[in-house]
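S.K.: What follows is each chain in one-letter form.
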Amino acid sequence: MLDHNQLPLADVNKSLWFPEQASSFAEGVDWVYDTILYISLVFFVGIVIALVWFAIKYHKKKGEPAESQTSHHTPLELLWSIGPSFLLVYMFVVGAISYLDMRTPPEGSYEIGVEAYKWGWTMDYGGGTYHPELHLLLDEPTKLSMRSSDVIHSLFIPAFRAKKDIVPGRYNYMWFKPTVASEKVSDEELAKAKKATGTDAWDYDEYQFTPDGYRFFDLYCAEYCGKSHSEMQTVVVVHETQEELDAWIKEKASRPDDVAPEAWGKTLYNQRGCASCHSIDGSKRVGPSFKDLAGSTHALADGSSVTVDPNYIRESILEPKAKVVAGYNPVMPSYKGQLSDDDIDSIIAYLKTLAE
Amino acid sequence: MSAGTLPSNVRDPGFPTERENYLTNSKGFLSWFCTLDHKRIGVMYLIGTVTAFLIGGLLALGIRLHLFSPEGWLFTDNWLGSSVDKNTIYNQVFTLHGAIMVFLFIIPSIPAALGNFLVPVMLGAKDVAFPRLNLSSFYLWMFGALFFIGALLSSGLDTGWTFYTPYSTTTDSSVILATLGAFILGFSSIFTGLNFIVTINTMRPPGMTWFKMPLFLWATYATSIIQVLATPVLGITLLLLIAERVMQIGIFDPEFNGDPVTYQHFFWFYSHPAVYIMILPAFGVISELISVHSHKHIFGYRFIAYSSIAIALLGFLVWGHHMFTAGMSSLTTIIFSALTFTVSVPSAIKVFNWLATMYKGSISLTTPMCYALSFIFLFTIGGLTGLFLGTLATDLHLHDTYFVVAHFHYVMVGGTLIAFLGGVFHWWPKMFGRLYNEWGGRLSAAIVFIGFNLTFLPQFVLGSRGMPRRYATYDPEFAYLHQMSTIGALILGIGLLIALVVLIASLVNGKRSPANPWGAATLEFACTSPPPYYNFERAPVVGDPYDFHDIFWDAENERYVTAEPEREIVPQTVPEESPAHAGGQN
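In the order they appear, the protein sequences are chains A and B.
Heads up, the first sequence is in UniProt numbering, so the first residue is 1 and it goes up one at a time.
Heads up, the second sequence is in UniProt numbering, so the first residue is 1 and it goes up one at a time.
One or more of the hints may lead you astray.
Computed list of lysine to any residue pairs in SDA-like fashion (alpha-carbon distance at most 25 Å, straight line) [stated by the list, open to error]: (1) A:Lys-192 / A:Glu-133; (2) A:Lys-60 / B:Arg-442; (3) A:Lys-192 / A:Glu-206; (4) A:Lys-57 / B:Ala-555; (5) A:Lys-284 / B:Thr-170; (6) B:Lys-360 / A:Leu-51; (7) B:Lys-360 / A:Thr-74; (8) B:Lys-360 / A:Trp-80; (9) A:Lys-177 / B:Ser-330; (10) A:Lys-192 / A:Phe-216.
Treat the hints as calculated values from the structure; they're not laboratory data.
Note that the coordinates shown come from a computational prediction; the quantities given were computed from them, not determined experimentally.
Based on the sequences and whatever the hints tell you, model everything.
M.R.: What follows is the structure, encoded as structure tokens:
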């Protein structure tokens, strides 16, 4: 049951209190945290010593009078009311200064778009490249412009000590500068993991590296957003060079020539959040299952019915609220502009394989 | 308090007869459910809130057991035969745990249950100012609770107790039933607050000036001010939420040009002051407990009294600290951060004053005192960890993680619940006229203390290491800390169960309690245990509520007695005719 790798102090590179420091904010935040911690400990230890000492020393038998009935001492009371206030002002100031640094992105930051939805992430690298993983460049100030297509989400990267809510109806921004690059695992290790995984969705938790073989930092949704809130996670990969990052983006831009549309469709199904609402084994999730879907006839919420042909699938991806299947809520976000025609064709091809 | 020979002029009310005693002077279902007696209403609130606590506590155990393993252990996709998936069950369980604990237990527990019983007796009055309003507030509480149960039984509630929009305006769970319940409970809270304000303003007996009031009354008064001023905001917010859901009027939902952050402002404008509705009465209880069980005058009476009022007022100015990450302007966040720090000063003053009260006292380690000591330890952790969340840079990292969960449980559970338990053990002999088993009581305090710390200390580490809250499943590296926490929760549950058993056993075979089992100088210990129907035969003599000089330990009869009346009697300030309800005879 207890794996020693899970012990908080097992890894010497990690402190008890924090994950790794992987952004330029981390050291400052941890310093402020430690400062408050030590000030608090001084007070806490003092209070507890007094508490225990008094409780033992002045413990008396029933009926014995107290040694003193002093009911006030104004200078002492003023001292302990005003004295700690200076420490509070100090904490407030150091906290506010670090905070202001975190609020203002430097001019010319590298910009990435983020769309959060129930329950996943789409990072927009520009030029039509979308991917759920967040890939960054080492030592490059990066600004995220974030929007949500449904409810409030919150982007949280513990290793960066960075968090910001994503409120529907407005753009929220955050920035950070990654300071630790993700190492790459050996080719053998990656090949072994790929072989073990087979055709199933990649398990980041199990391997602790991405399907491209990079170690990663966790990225969580921190604002409760419904059923699969706890599964709304993705990963952050920090590349060492611009070339490496560009190569990765290029690779993800569209279907590689040697990948069949069906296989690409399956990749998109796993990467682009379809899997969180549509099962492929017939079980009911937020949306209808994809098993045996293509070619079948669906009853719609408005009483009519529709045959699930390529046109209907395409329409459902681009205008999901137009024809809603009976028994389901119109909650799917539109993928208009996020999927190329080839992507949609690949998804259609993949759905057909599920109906055979 | 003095030892040695007893003076000749001691007064001991002895034991009440069946007819004098408020519990037995009339019988039958209706004599309770139509009662106007504040003591009976207090007892009914006590039963109601403790029942709510037991339900909320079982849900908490469900949460902890589920989180024993990273993929979720307790709830499964066909749990108890239902085919709802396990994450949905988990989300409903944590929502109901939060909503029940906040609205049905923590907010009403001390003010409504203990407050209803104690406020008039401590004042030396016969009843509260508006007895019928008092009874109606209890019925509203019951009614609101039924709505909550209705929400649970109809289609569950999965929004979290904060009902954040636009999730709450779009989810298909029973948001409307639950918010109506909270709306009705709000009225119950307002009625109680209003009643106490009027009671304390108008019904103090001759001689009881503001600064001769026990500190529990100061705390209740400050709480009532918040209840009356803040609760209507919650009511309006919840009505707007319902309107938004039903009619899509476009206040909170961006799809209809609303703004979700507006909801957060409205909600926390009530709910942050509500945190002080929860903790201020606890401060009042602890001030009584520390002084009485140290048999020493409370240290810095005026500072404690003023700090209650200061907390009540400052509590209205700090709601924005719940939204540091939501996207307010930098200036706004900095102002809210600065204001937040101001609240910690009056809280710290109280802790120092309690310690100074114990210094050179005559401390009895009774069950209530064990709980009070436990409170100081736990509340200090709760208060100090609040500093990390008020500081902007660290809050960004810690917001919405388990650090916050641990912090508010240290304040709400380690603070309010422990104070409530200490208060119940302190006033139990007064309320029911029975003494409980002291060893059992102290054992419960010790086990609750150990279990509580084991549950919530690991959660601080979980949070600062980055574990977000409200997660039904989690990354395996957090499993070790979650398992510690779950084991702690089971120990905590055992401790609370022992407390319950000890109290119930005392009703069955406890020794009869004397009027003043602890040697306290406040007025509620001047009448018999349990008190007579009208509390006092005549307006009691009012002195300093923390002056222990003429309380004596009668070793022969094993009880505290009071010498009559050597303490300074404050000159009558009221004209010949004192109001009939002010504890005088009809």
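S.K.: For this structure, which hints from the list above don't hold up?
M.R.: When the structure is compared with the hints, none of them turns out to be violated.
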